Amino acid sequence: MPAYRVIGTSPARADAWEKVRGRPIYAGDLAVAGMLHGRIVRSPYASARIARLDTRAARALPGVIAVLTAADVPRNELRMELPGRMAEATAGAVLATQPALAADRVRFQGEPVVAIAAETPEIAAGAADLVEVEYEELPGVYDPLAALDPSAPRVHDGGNVLRRWHLRTGDVARGFSEAAVVVEHTYRTPFVDHVYLETETGLGWIDAEGVLVLRVSTQVLEHYRDVAEILQLPHGRVRLEGTYLGGGFGGKEDVTVECLLGLLVWKTRRPVQLVFSREESFIGHGKRHPYVMRYRTGATRDGTLTAVEAELVSDSGAYAALSPWVLLYSLVTATGPYRVPHVKVDATTVYTNNPVASAYRCFGSIQTCLAYEGQMDALAATLAMDSLALREKNFLRKGDALATGQVLETEPRLSETMRRAWAGLGEPRSPRRPTRIGRAVAASFTPYGRMCWTRDSASAWVGMELDGTAVVRCAAPDVGGGQTSSLCAITAEVLGLDVAQVVAVGRDSHFTPRAGTTTATRQLLMSGNAVLNAAREVRHHLLAAAAALLEAAPGDVELADGHAFVRGAPGRALTMASVVKGAIAEGRPVQALEKYDAPSAPTIDPLTGQGKAFNDYTFGTHAIEVEVDEETGRTRVSRFVACFDAGRVINRASAEGQLEGGAVQGLGYALMEEIALENGVSKNPHLVDYRIPTSLDVPPIETLLLESGDGLGPFGAKGLGEPAMTPSIAAVANAVSSAVGARVTQLPITAERVRAALGSPA
Amino acid sequence: MRLYPFDLVEPDTLPAALDALSPLDGEARLVAGGTALVPMIRLGLVKPDRVISLHRLPELAEVRRDGGTLQLGAMARLADIDTAPTVREGWPLLAEAARRVATPAIRVSGTIGGNLCYAEAASDPAPALLCLEAEVRVAGAAGGRTVPVVDFFRGFYETALAPGEIVTAIRVPATPAGARSGYVKFTSRSAEDRPLVGVAALVVRDSSGRWDDVRIGLGGVAPTPIRAPRAEAVLRGEAPGDATLRAAAEAAAREAEPLSDLMGSADYRREMIRVWVRRLLTSLRDGARSA
Numbered sequence: 000m001p002a003y004r005v006i007g008t009s010p011a012r013a014d015a016w017e018k019v020r021g022r023p024i025y026a027g028d029l030a031v032a033g034m035l036h037g038r039i040v041r042s043p044y045a046s047a048r049i050a051r052l053d054t055r056a057a058r059a060l061p062g063v064i065a066v067l068t069a070a071d072v073p074r075n076e077l078r079m080e081l082p083g084r085m086a087e088a089t090a091g092a093v094l095a096t097q098p099a100l101a102a103d104r105v106r107f108q109g110e111p112v113v114a115i116a117a118e119t120p121e122i123a124a125g126a127a128d129l130v131e132v133e134y135e136e137l138p139g140v141y142d143p144l145a146a147l148d149p150s151a152p153r154v155h156d157g158g159n160v161l162r163r164w165h166l167r168t169g170d171v172a173r174g175f176s177e178a179a180v181v182v183e184h185t186y187r188t189p190f191v192d193h194v195y196l197e198t199e200t201g202l203g204w205i206d207a208e209g210v211l212v213l214r215v216s217t218q219v220l221e222h223y224r225d226v227a228e229i230l231q232l233p234h235g236r237v238r239l240e241g242t243y244l245g246g247g248f249g250g251k252e253d254v255t256v257e258c259l260l261g262l263l264v265w266k267t268r269r270p271v272q273l274v275f276s277r278e279e280s281f282i283g284h285g286k287r288h289p290y291v292m293r294y295r296t297g298a299t300r301d302g303t304l305t306a307v308e309a310e311l312v313s314d315s316g317a318y319a320a321l322s323p324w325v326l327l328y329s330l331v332t333a334t335g336p337y338r339v340p341h342v343k344v345d346a347t348t349v350y351t352n353n354p355v356a357s358a359y360r361c362f363g364s365i366q367t368c369l370a371y372e373g374q375m376d377a378l379a380a381t382l383a384m385d386s387l388a389l390r391e392k393n394f395l396r397k398g399d400a401l402a403t404g405q406v407l408e409t410e411p412r413l414s415e416t417m418r419r420a421w422a423g424l425g426e427p428r429s430p431r432r433p434t435r436i437g438r439a440v441a442a443s444f445t446p447y448g449r450m451c452w453t454r455d456s457a458s459a460w461v462g463m464e465l466d467g468t469a470v471v472r473c474a475a476p477d478v479g480g481g482q483t484s485s486l487c488a489i490t491a492e493v494l495g496l497d498v499a500q501v502v503a504v505g506r507d508s509h510f511t512p513r514a515g516t517t518t519a520t521r522q523l524l525m526s527g528n529a530v531l532n533a534a535r536e537v538r539h540h541l542l543a544a545a546a547a548l549l550e551a552a553p554g555d556v557e558l559a560d561g562h563a564f565v566r567g568a569p570g571r572a573l574t575m576a577s578v579v580k581g582a583i584a585e586g587r588p589v590q591a592l593e594k595y596d597a598p599s600a601p602t603i604d605p606l607t608g609q610g611k612a613f614n615d616y617t618f619g620t621h622a623i624e625v626e627v628d629e630e631t632g633r634t635r636v637s638r639f640v641a642c643f644d645a646g647r648v649i650n651r652a653s654a655e656g657q658l659e660g661g662a663v664q665g666l667g668y669a670l671m672e673e674i675a676l677e678n679g680v681s682k683n684p685h686l687v688d689y690r691i692p693t694s695l696d697v698p699p700i701e702t703l704l705l706e707s708g709d710g711l712g713p714f715g716a717k718g719l720g721e722p723a724m725t726p727s728i729a730a731v732a733n734a735v736s737s738a739v740g741a742r743v744t745q746l747p748i749t750a751e752r753v754r755a756a757l758g759s760p761a
Numbered sequence: 000m001r002l003y004p005f006d007l008v009e010p011d012t013l014p015a016a017l018d019a020l021s022p023l024d025g026e027a028r029l030v031a032g033g034t035a036l037v038p039m040i041r042l043g044l045v046k047p048d049r050v051i052s053l054h055r056l057p058e059l060a061e062v063r064r065d066g067g068t069l070q071l072g073a074m075a076r077l078a079d080i081d082t083a084p085t086v087r088e089g090w091p092l093l094a095e096a097a098r099r100v101a102t103p104a105i106r107v108s109g110t111i112g113g114n115l116c117y118a119e120a121a122s123d124p125a126p127a128l129l130c131l132e133a134e135v136r137v138a139g140a141a142g143g144r145t146v147p148v149v150d151f152f153r154g155f156y157e158t159a160l161a162p163g164e165i166v167t168a169i170r171v172p173a174t175p176a177g178a179r180s181g182y183v184k185f186t187s188r189s190a191e192d193r194p195l196v197g198v199a200a201l202v203v204r205d206s207s208g209r210w211d212d213v214r215i216g217l218g219g220v221a222p223t224p225i226r227a228p229r230a231e232a233v234l235r236g237e238a239p240g241d242a243t244l245r246a247a248a249e250a251a252a253r254e255a256e257p258l259s260d261l262m263g264s265a266d267y268r269r270e271m272i273r274v275w276v277r278r279l280l281t282s283l284r285d286g287a288r289s290a
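Sequence lines, in order, name chains W and Y.
Residue numbers are given in numbering that gives the first Met the number 0: position 138 of the first sequence equals residue 137, and the series is strictly consecutive.
Residue numbers are given in numbering that gives the first Met the number 0: position 164 of the second sequence equals residue 163, and the series is strictly consecutive.
Rather than coming from a laboratory, the hints here were simulated on the basis of the structure.
Everything numeric in this text was worked out from a predicted model, so none of it was measured.
Some clues are possibly wrong.
[Said to hold, decoys possible] A few chain W residues facing chain Y, derived, Cβ under 7 Å:
hint, residue
1, Thr119
2, Glu121
3, Glu630
4, Asn683
5, Asp688
6, Asp696
7, Pro698
8, Glu751
[Stated by the list, open to error] Here are the simulated distance ranges between beta carbons:
hint, chain 1, residue 1, chain 2, residue 2, range
9, Y, Glu26, W, Glu310, 51 to 59 Å
10, W, Ala207, Y, Ile105, 32 to 40 Å
11, Y, Ile105, W, Glu310, 40 to 48 Å
12, W, Glu133, Y, Gly154, 50 to 58 Å
For every residue, glycine included, the Cβ atom is placed at its ideal position computed from N, Cα and C.
Construct the complete structure from the given sequences, taking the supplied hints into account.
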């Protein structure tokens, strides 16, 4: 491994002190003079017709400036499209649209109906109470399997099937005929919420040039286009200013406050702040999709997989959002990181009148992990085989093909991640009644970077200041994962600077080079490489300038510790400031705008799933020990080891933080989180009854990072953000299954469910 | 965090607080630590026109031993009760229960009076106070009165307080000499959740090893916190053998009236009463906990 000075260390992140000191760095921290306060009136019904809507009383309330309805929206249609050539892959699918404000029909609880701006939050709340909406409830459909019935109520005119994908390789009938054993289980997962600390928030105003500026907590600065389309403005007339986010996890990937806020600012011509309450956040933004996954897996007597047949149905809720693409991730990952010669997977995402489901960390590849890893443990039990050995026999290796036909060009190191994670659990402990102990692993693979056919690209600018420090400009939102600091670390490494000598200024749709979304575990790959390319270009110019000043060949000059020096002669050195001044005096550029284009490939075949869907994957394993109280069914996770091939670690503390965060978020999903719905209406849109893990629920998490250098990111890095969570729920389910001696196939794994699985008291 | 607007009144004396609470147009609510009222206002469950804060009445915050009894002002914070040496030494059951409420952030704000005044079925301190046979001191325009805790809880979120009355203090009699006591809180979701089942118990052995005084308080298993008299009757005067403890746990499960909610079903609650009553009593018998 090459020697790095900055890469792989843990320099304090630029935002860390600001955050712990409570400095105003978030979107909701800023106020401007004369600002109005927004408020959204939402549907209390999951399926209803708006029979009458009267805003006169609300408008008459003193201090109310605007009460807007669908009729006030210039183009009341938010389109869900990913950039790139998606058309051929979506042939036959409905164009997914959603109104900014519901016009005559509401399809889920929480759907925005009226947007209000008033002088104070209290007046806005009072006006919301005065809006008269008469709803006529309509039959709804609340179960994705029921929604597939042709006689089910239709959520949209085109029917309830939003999208189907298929994966075919080999001959699945032959595969099962070759199997000595076949295990079959159905796995179920619930709606869950991201529960970021910071709810959806933004502040907007119109600047001196008449540009609508929105300072928003978002993962996607490109939503300025959606706002412009809704308002029918030229795209250049709307600008999004990014802030540090108090968490995103995919929940701020779709439009949240942007369009409603833009509408209120544009109509009132006044600054407006819009902050969603926690309850609003719970019913207002997209959730993780519930899945029903029926799996059949066949293997020979020695444990060689012969066939996987799976049927996946996901609940998209009332609108499409990103459901087709989430489902595609499920399709590609459906068979897990294993060689399976014969595969048949049918995947369907369905409209219901449940909350809208969309992006959430792992994006469809976590539900399938619960199923494919559950199947591996079930198979091991049936074959009376060690479950680690069974996995090892079937793990993908370099040169093997995924079920999509994509051949792996680098070694996934699955076995190493699994063995090290397992060893991290330590010596087995002997349980004492009523405690049972269960241990298990779950291995996983998760794409990082967008689908190949989107032709993903990111740009960045790096430039030197006269004092020898550097500036990075790159519109990559920092969701809390340390994205900004990693870009600084890459620049510092290349230019021989200390991290503190590099600053990344702003994340802005129009002031900083476009870098794309902080989603899909793509920012280190995309913006990281763009910054790397720009920094290398600047380095080239600095070396040339320093060589001239030092009277040496450029190849003999080294940059380190804020100096340029001749290799082997540290006495012949210049400060970076002198080099920069020298370069400018010679007319050399000391800045560069560069881009990075991800490798592209044609779209996969929608009927067989064959093709190259993603450029690369991150592989890793969770090993978990649980203690299950056999009388209460209560599960306590006692040990948690995470081992991933990070490719290359950029900021060690940030990378370990991703692994820890993924583990904790997974524990919540596995054991306690669920949006409880009754006919589409949430019974727990608050933290009183939607519990997430607290410090007392989380064991010490051991994080192990391998560095193969095989990734496509800077210095061989892979992405960790989403992969860090993928195996968690499967590992918990497998560990509990091992403790209770019965397959646990439904999340959340509540104490009551485990108690039932244990049978009558002994 | 934003709330619906209301008038905030901050009286300096108890009579002034009672005046503020006296009938007016609309609804008045008392606030102590705010850990119950504020979320209820946020969720729109109550919309008071007037909120009367008791924070300027320091005499309501005392934690003091008075002879054999413990005097707790209604405004005594749960953290004050948990950490006071007086309580830990003389009333360990109460200290233990107070320590199990929610999180440290809640305990430094929430008060014992506020906890009781919502008749919250899943209260942690209530089962302990039921076992300790505490009394609630109430002030009203017409004077004061004393209500045993067991009579204070009337129904689902309903107490014996009449309109215009304020809880001023809780008086806890001495823990019986030689008593062993303990509180167990079982949460079905995250660790700092409300209890699915909370069990407090206090037992006193006679010289022959029989339990001549047995008190069991239960939280989360009925519309209000309750005593479990039938379970107590099974044990009183008996030697606490395994079968007897099991029978007592069964009696407690039968006399409870559990509800189903998002924490767990009624059937599961009943089963958890069996488990936790038996476990707590067993640990008291075996000496794992003592006063």
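So, going through the hints one by one against the coordinates:
Using the Cβ-Cβ criterion of 7 Å, the hint placing Thr119 (chain W) at the interface with chain Y is not satisfied: the shortest such distance is roughly 9 Å. A cut of 7 Å between beta carbons decides the hint on Glu121 (chain W): the least distance to chain Y is about 5 Å, and the hint holds. Taking 7 Å as the C-beta contact cut-off toward chain Y, the hint placing Glu630 (chain W) at the interface holds, the least distance being around 5 Å. Among the interface hints, the one on Asn683 (chain W) holds; its C-beta lies about 6 Å from the nearest C-beta in chain Y, closer than the 7 Å criterion.
Checking Asp688 (chain W) against chain Y by beta carbon gives a least distance of about 5 Å; that is within 7 Å, so the hint holds. Interface hint at Asp696 (chain W): satisfied, since its Cβ lies 5 Å from the closest Cβ of chain Y, which is below the 7 Å cut-off. Residue-level restraint check for Pro698 (chain W) is violated (minimum Cβ-Cβ distance to chain Y is 12 Å; threshold 7 Å). Because the closest C-beta pair between Glu751 (chain W) and chain Y is about 5 Å apart, less than 7 Å, the hint holds.
Distance hint for Glu26 (chain Y) and Glu310 (chain W): a CB-CB separation of about 54 Å, consistent with the stated range 51 to 59 Å. Here the CB-CB span from Ala207 (chain W) to Ile105 (chain Y) is close to 48 Å, at odds with the stated 32 to 40 Å. Distance hint for Ile105 (chain Y) and Glu310 (chain W): a CB-CB separation of about 46 Å, consistent with the stated range 40 to 48 Å. Roughly 36 Å separates the CB atoms of Glu133 (chain W) and Gly154 (chain Y), a value that falls outside the hinted 50 to 58 Å.
Of the numbered hints given earlier, the model fails hints 1, 7, 10, 12; all others are met.
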